[in-house]
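One-letter residues, chain by chain:
Protein chains: 2
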Amino acid sequence: MKITALAGGVGGAKLANGLIGLLSPEDFCVIVNTGDDFIYSGLYICPDIDTMIYTLAGINNPVDGWGLKNETWNVLYELERLGHPTWFNLGDRDIATHLERTRLHSSGYTLTDVTKKLSSYQGVKHNILPMTDSPVQTIISTEELGEISFQEYFVKYRFQPTTKKIYFKGVEAAVLPEEARSRLISSDLVIICPSNPFVSIDPILSVSGVREILSKKTIIAVSPLIGGKTIKGPAAKLMNELGTVPSSLNIAKYYGNLLTGFILDHTDHEEADAISQCGIIPLVTDILMPDSETQIKLASKVLKFGQELLKDK
Amino acid sequence: MKITALAGGVGGAKLANGLIGLLSPEDFCVIVNTGDDFIYSGLYICPDIDTMIYTLAGINNPVDGWGLKNETWNVLYELERLGHPTWFNLGDRDIATHLERTRLHSSGYTLTDVTKKLSSYQGVKHNILPMTDSPVQTIISTEELGEISFQEYFVKYRFQPTTKKIYFKGVEAAVLPEEARSRLISSDLVIICPSNPFVSIDPILSVSGVREILSKKTIIAVSPLIGGKTIKGPAAKLMNELGTVPSSLNIAKYYGNLLTGFILDHTDHEEADAISQCGIIPLVTDILMPDSETQIKLASKVLKFGQELLKDK
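These protein sequence lines map, in sequence, to chains A and B.
For the first sequence, the working numbering begins at 1 and goes up steadily by one.
For the second sequence, the working numbering begins at 1 and goes up steadily by one.
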């Protein structure tokens, strides 16, 4: 069974980390959101790709979710002293990742190739594929601050501004890179990770051709909400601001007819019937993944569910 | 007495450091070579300006000449592991300087303004002024490797390739920034520091209008050679390759009628007469500056010499 996952940051990386424990690099890859990417004081930074690489390499900071474990902060201390903004946490070893990405990209490598090299240096064998090689920027249109980039919204302002609208600047010109495209086309099953639908999955779905390929696939999404709340990040807050009650049911409805199956937490079991009535097959289980054991456990359930859905097809 | 110094890296910074001990920020500034500047993996790096800032702030590494004392190397260790080239030594706190410069410059500040901010953060009160705000790149045309940038020649290849020609890419479009220009015009005395004439001082002299302003000034140069050898760097090797015997006399001749006075070391006292015969007034003294005491001592001799030359004018 060939499988492709679509993912954003921390939640997506957790499930992907479970899946790589069960699937070979030939059978599994993950396509990652690049709408959060930005150039920061010359450094080409891809927050979601970095979280994915670090998590799959087992070198991520398990407390914060982002960044590296046992990180040092010598550059950041000096940046603070020099008056450089410090809202974006630049760890010393993390900076090395950004510098190497910047170097490779400016010498002509595509983001796909750069990501492959960085993954390989960290010992990651499974393919981490950016959703596109061209620049796409998730813009949050806020009531208080006007239009700001996702990193400003998420990190600098800790997702406190009120969101009016979200759009993906440059996505009209973005294409799915060849490798991501062929892996997605040849997939039997697509897994939408428990990432934020609005700012992590929507950018991927907005890349030209992606929805068309997905329309022919068996797709399972895992809810990013438990009891109407997010584990991390602004999904629930965004839903409120965009006029929807934050719930697993409304996440399933948001993805709509893209989905064959939807996995939600026991906490939300009462929503399963309503999800069924939308023509989406629900699976109720534990979706919280605090450690690698629970990541593998959920991954295994997702795969079993996928196999059943494919059999019934 | 208003004084402007022209300088490159380590040798120039040493004399400038002596001069700031004797002169107020109103009376003294230094115009620094920017031909060595380069973009390295996204970082905007100005080696000579950094050496000048760090030296005048008293935070330079006195052993290597470049970089900061008590520096740490966490980013570089990781860069090495990731396959990023490590021929250019990026210290952690040094990286903070480059990041802040890159940020300020990309947000619209001129290099002059950026340098002022960085100097001020490090507690430097005297003006360090880049020779120009636009990009100029010193190119070394070598026998073995063709055309390479100065940092590649100097750091990566440790000035071992044979030089055929040196030129300053972009210098035709370069102008002296307004502040450097007005400081230079109002100077009573100009000091050419013991920097490499070919790769540190020539770029400054090549900026449009500089030679014209200098033609009306009393100028003293300090020899960068002792006994036909350099303290540091490729000046003597370059002279051999460009077809001149490396000597203080030939340095004086190279600057030619730009100079009023020339300071050379006791070791080279026999060259003083020949320098006189070129119409340049020689001063023989100790020009080695291993510590701040000798830097102030030489600076004081330069100033006294300058006063005499101005009196005799």
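Rather than coming from a laboratory, the hints here were simulated on the basis of the structure.
This structure is a prediction, so every number in the text was calculated from the model and none was measured.
It is possible that some hints are incorrect.
Given that identical chains are not distinguished, each listed pair holds provided it fits within a single copy or across any two copies.
Pairs of lysine to aspartate or glutamate residues, derived as DMTMM-like cross-links and limited to a Cα-Cα distance of at most 25 Å, are as follows [to be verified]:
| id | residue 1 | residue 2 |
| --- | --- | --- |
| 1 | K69 | E80 |
| 2 | K156 | E270 |
| 3 | K232 | D291 |
| 4 | K125 | E80 |
| 5 | K237 | E308 |
Each hint tested on the structure:
1. Taking the shortest alpha-carbon separations for K69 and E80, both the intra-copy value of 21 Å and the inter-copy value of 19 Å come in at or below 25 Å.
2. Neither within a single protomer nor between protomers do K156 and E270 lie at most 25 Å apart by alpha-carbon distance, with minima of 37 Å and 66 Å respectively.
3. Taking identical chains as interchangeable, the C-alpha atoms of K232 and D291 lie at most 25 Å apart only when both belong to the same chain, with a minimum of 15 Å there against 56 Å between chains.
4. In this assembly of identical chains, K125 and E80 lie within 25 Å of each other by CA distance solely across copies; the values are 20 Å between and 37 Å within a copy.
5. For a Cα distance limit of 25 Å, the shortest separation of K237 from E308 qualifies neither inside one copy, at 34 Å, nor across copies, at 76 Å.
Taken one by one, the earlier hints fail for this structure at numbers 2, 5, listed in ascending order.
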